[in-house]
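Asker: Chains as they are written, first to last, in the working numbering: chain A, 1 to 698; chain B, 1 to 698.
Hints in this document: simulated from the structure, not taken from any laboratory. Where is the CB? At the ideal position from N, CA and C, for every residue including glycine. Incorrect hints may have been included.
[Stated by the list, open to error] Pairwise CB distance ranges (calculated): (1) A:Gly-128 <-> B:Thr-373: 42 to 50 angstroms; (2) A:Asp-545 <-> B:Ala-467: 54 to 62 angstroms; (3) A:Pro-415 <-> B:Pro-426: 33 to 41 angstroms; (4) A:Leu-541 <-> B:Arg-516: 28 to 36 angstroms.
There are 2 protein chains.
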Amino acid sequence: MSSRFSGLTPLLAPRSVAVLGASSDPTRISGRPIAYMLAQGFQGALYPINPNRTEVQGLKAYASIADLPETPDVAIVAVAAEVAAPAVEELGKRGVKAIVMFTAGFAEMDESGEAAQAKMVATARSYGMRLLGPNCLGVFDARRSYYATFSSSFDSGWPVPGRIGIASQSGAYGTHLYTLARNRGIGASLCVMTGNEADVTVGECIGWLAENPEVDVIAVYAEGIREAPGLIAALETARAAKKPIVMQKVGRSELGTKAAKSHTASIAGDDAVTEAIMNEFGVYRARNSEEMLDIAHTATRKIYPVRNTLGVITVSGGAGVLISDVAETVNLSMPEMPLDAQKKLRDLVPFCAPRNPVDATAQVSNDVTLVKTFTESMVRDGGYTSVLGFFSMTASSRRWPSIREQLNAVMTENPGRLYALSVIIPPAGRDELEADGWVVHEDPTRAVVAIDAMGRFGAAFAAAQGAPPPTVPAVTLPAKNPSEAEAKRLLATAGIASAPEAECATADQAVAAAERFGYPVVMKILSPDIVHKSEIGGVLLDVSDAASVRDGYALLLERAKSAAPTAKIDGVLVAKQLKGGVECILGIHRDPVFGPMAMFGLGGIFVEILKDVVFRRCPFGADVAEDMIRSIKGAPLLLGARGRKKADVKALAETLSRLSAFAVAAGPRLQSIDLNPVFAMPEGDGAFAVDAVIEVGD
Amino acid sequence: MSSRFSGLTPLLAPRSVAVLGASSDPTRISGRPIAYMLAQGFQGALYPINPNRTEVQGLKAYASIADLPETPDVAIVAVAAEVAAPAVEELGKRGVKAIVMFTAGFAEMDESGEAAQAKMVATARSYGMRLLGPNCLGVFDARRSYYATFSSSFDSGWPVPGRIGIASQSGAYGTHLYTLARNRGIGASLCVMTGNEADVTVGECIGWLAENPEVDVIAVYAEGIREAPGLIAALETARAAKKPIVMQKVGRSELGTKAAKSHTASIAGDDAVTEAIMNEFGVYRARNSEEMLDIAHTATRKIYPVRNTLGVITVSGGAGVLISDVAETVNLSMPEMPLDAQKKLRDLVPFCAPRNPVDATAQVSNDVTLVKTFTESMVRDGGYTSVLGFFSMTASSRRWPSIREQLNAVMTENPGRLYALSVIIPPAGRDELEADGWVVHEDPTRAVVAIDAMGRFGAAFAAAQGAPPPTVPAVTLPAKNPSEAEAKRLLATAGIASAPEAECATADQAVAAAERFGYPVVMKILSPDIVHKSEIGGVLLDVSDAASVRDGYALLLERAKSAAPTAKIDGVLVAKQLKGGVECILGIHRDPVFGPMAMFGLGGIFVEILKDVVFRRCPFGADVAEDMIRSIKGAPLLLGARGRKKADVKALAETLSRLSAFAVAAGPRLQSIDLNPVFAMPEGDGAFAVDAVIEVGD
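Take these sequences, add in the hints, and give me the full structure.
Answerer: Structure, rendered in structure tokens:
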């Protein structure tokens, strides 16, 4: 393979491996990789390097990297931190392409360690070498018998080969994960653990797995993303290749973030931002390792329905209810069977439950072909893209072989669906069912979550490219933070509308402006010397006719004069007073990793108390903006719930997407934008920013 | 044992068992109970009844119930539905105390089945017999080798004895549950499955388990509660005995409820109501069977901290972050270690993480006693009531025996805490750790949820009895729905305040009332003939001085006269106009099972769009009411979030608890009450109903 991430191939799939300071003791850190590769039969060349030995674990040992008969693709380095730097230099001189560095005592330790790490990476880069770690548990690929790792987990067994690839920032948790996979008989051949990420990032590893034809599904454990372009390119590659990514991202909570910061090297990126990136690319965020493996394993069937529907066949009405509950919670559709199909089934078994969940009842004991008849009707008449059978411990009963035969017949004759079973069965029986083509889960609720995830992948893969972000003119930010009026003028160049307003130097101008906008209007004293206008009575609301505008003009000038006799008075600001709109907040903030991120939420308590907001990387088109708007909990307020008027969601989405394009056009000096509030007016009447704050950096 | 539920003892722990229509075939429904009891050695008397045989499965068979040498405690009935009724009659005549009825074809089938079931239960009751089922999978108690069940699950193994008791409405799901328990090595000796619940309910079974000294923890699966007094008494008994209940209640979703209704006999009770009952008694609602077993198993350690805190010792920083995330999600406190203890640990291991999660780092490899030093410091210095060790696959490594020794020393020397491990280990190793005293979970997130549940049980057991519900005078409901003013007067007798208002027959009276209340006031035309006051301009808001009240009085009379010349005019209603309050909704509705239930929520979007409401069985005291108020998501709005004024939560709670007492005092004719809105005024200013609707039934 050759493309964006092929530079990692010498590291992750090398033809030749050198081990610095190779030990004859197979239980020592620098002995283990050799012991593992010998035990499993690594096909490439393996070069122990040890100046004190001529032989290590039965292999010829070399005194130095210079003595090797060929230049190895990768070198494993487990030497002490003090001597790691010269070792890297030496490897670079020899032309080695990549290093796996187990050695700890760098950035995770203290500032001097951080400096040493930076220097070492600079050396590696000067030779064009890639470096995994330091302070990492390394990488293995069971299919190639490549074990550049000192994980002791192989004491209890070798990985089960399969088409899941794992990328983890944490060594201990990566090991935990693949050990769980192995114990459940789930095939995950390849696991890379990135440690301090001084050079190679988890994002790049995802990209390499996405390009790897031996990998269908990618499972990721991450604590924080340090580098955006690699991750974004990786997620794009995976989506284009229709390879689902399941990711466990920790540090969601305040407490978790604190714990993360006291752990290993620093955590970059805000959790909400990482979540927004995951949503953008259809990455499934798993709550725990079990969910991650459930979903990754189910995904290896490569059935990703674009519009997922679930049909359930059950031996327990109670389980049917439970499954329906969970399906509703995760929003997985369980349509009713067509009425004629229900009738047909009821004609066969008078007291069956043919609706969905479907229950053929104990009649199955008398006629096992009913299992096939009922399940087939679900697939053919119900048209479900996913079928889940709840058979619990029936799968350990004497009747099971004949039921299995009936079920298999349906599957064989109706391919292209996702077939899952919730059964209690010993591992051997489970493996047989998996070989038949079923995805086997013990717990029905976990099965539903995994099935739902397949639909989410399908929808993400099928998502139309979407409208391009709007084109906005070049933005020249002022030297320092603009005033509200300046901010609104800048935003107006990108087509972001504010409530109409005019600076008026005479009462006549004020009346003309008010007549132009329509009543009521708001009037504010205009003076660079009066900051807190309302404190001197400098703001008038609900001004509703020409006479009142004239009176108001005089009143404001009089108040200003008496409260601040020396202030320079420029006149009065007249603005249309918006009524009947829904208060929203639109904002931008610059994330140190991912750049400008847009935020949308409803105003007031929704943001303040319920934290009901959504984020997205800038820029994006109006269709994405509308999806964002519709995704928040309070969306019904905009969509006309309970007899409310529908708000102008189209205009609001247009404003949001224009804001995202503006944020990019404004360049890296833009720190943040707050449009609070924006009024989404009734449908057809637009959306208008009422206040605007733009923060500019250096 | 002898008490409220001892009437079920002949059914659930009989000394003698008869089997009607006993079969010689141990695989047939009426052969299985005998086969199981013979295989496991039931200690009581076992009487097969079969007129066609003298011997069944090696036991002497009897021709009829009349021929038995003694009256059995319980009879197992698996005869056809048509002959079930005469069998019940015959058993009653003989004086049998209880029946386990497997037979299906009753209420779950159709109306005639329902009628047959009702008749059969009436017969049983006329003889003082209790009946489990019909259409049930029965009951077993492995400790007594009592198997009144035809479950085929014993094909794959016998239950693991232990101190968990299971009560399930669903046979298939009950079996699923205890099979899962058995496969995980979790001891659940006793399982009762109630099927159609024609007589014995799941509530009563919970009560019997709560009184059973051989049971410490009760696991329940329910689809709907049909009978309140038994369940309430059972929950009270369990709470008094400090026996935790974990319950899986399905039918939470709309879809699930539909599925439930198409299943077995009908579902009673609304899910939100059942959830309120669970909250009232500290029953933990499990999301799925795994969570139920995790929690039930953890609870068998009988450590229920009243104020639970979690200390985590980990070999993986990443897992520490994950655990912190979950702890925050479930609201389990993970306080930081005391600073001097952190310093002490850092002096021992310079780069350790001593905060919590605590990580002794790889130094442990050099000095395994660090495991004890660190863990002990957590217990003694940190004072955590619960300790979770994340050791993942370290527990399968060569180092584990010495680590285990260190950990065990801490546990032995510091009893009374909850000790849990997250490890990946084969079943034999797990069983050893469990025998040591650890609760073993593979997944750390599931461990956290289970540990948190122990604190919830502790808090529920320790909860003060609470203030008694307020005493309210007797309530005499009118014959039909009262008017708003009548409703407010009725409620006022219970001390529920409405916004002050007065019926005024003259302008002078109106002014006097307004002066008494303080301005502004609302004025409404008073006429039995004018229903829609606002349509004729019959409501004036913001009336703010005496002159305006006089003008308003005249204006309202004039408008009424012109709009409805023939209407009888009684004068004008003057009411204080409330400003600055938080809009709440207080309500009562009569649940068919549990009687009057109180509801509290914030007004407007909180109820309409976010469904942010809480329910509670009536009556209750003001402290419970305050807990309800504080439990909703929008509570910060009342508690002074973000610079808002604090609302008068005490007065609001008092109003809510008085409403609950009123609802009970009003008796069964009360259908519902709606106080919408109630304004919770700023602290010290009270809470007032602005509208009141009382619905009265026959």
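Asker: Now tell me if each hint is right for this structure.
Answerer: Hint-by-hint comparison with the structure:
The given range of 42 to 50 angstroms is respected by A:Gly-128 and B:Thr-373, whose C-beta atoms sit roughly 46 angstroms from each other. In this structure the supplied range 54 to 62 angstroms holds for A:Asp-545 paired with B:Ala-467, their Cβ-Cβ distance being about 58 angstroms. For A:Pro-415 and B:Pro-426, the Cβ-Cβ distance of about 38 angstroms falls inside the hinted range of 33 to 41 angstroms, so the restraint holds. For the hinted restraint 28 to 36 angstroms between A:Leu-541 and B:Arg-516, the CB-CB distance of approximately 32 angstroms keeps it satisfied.
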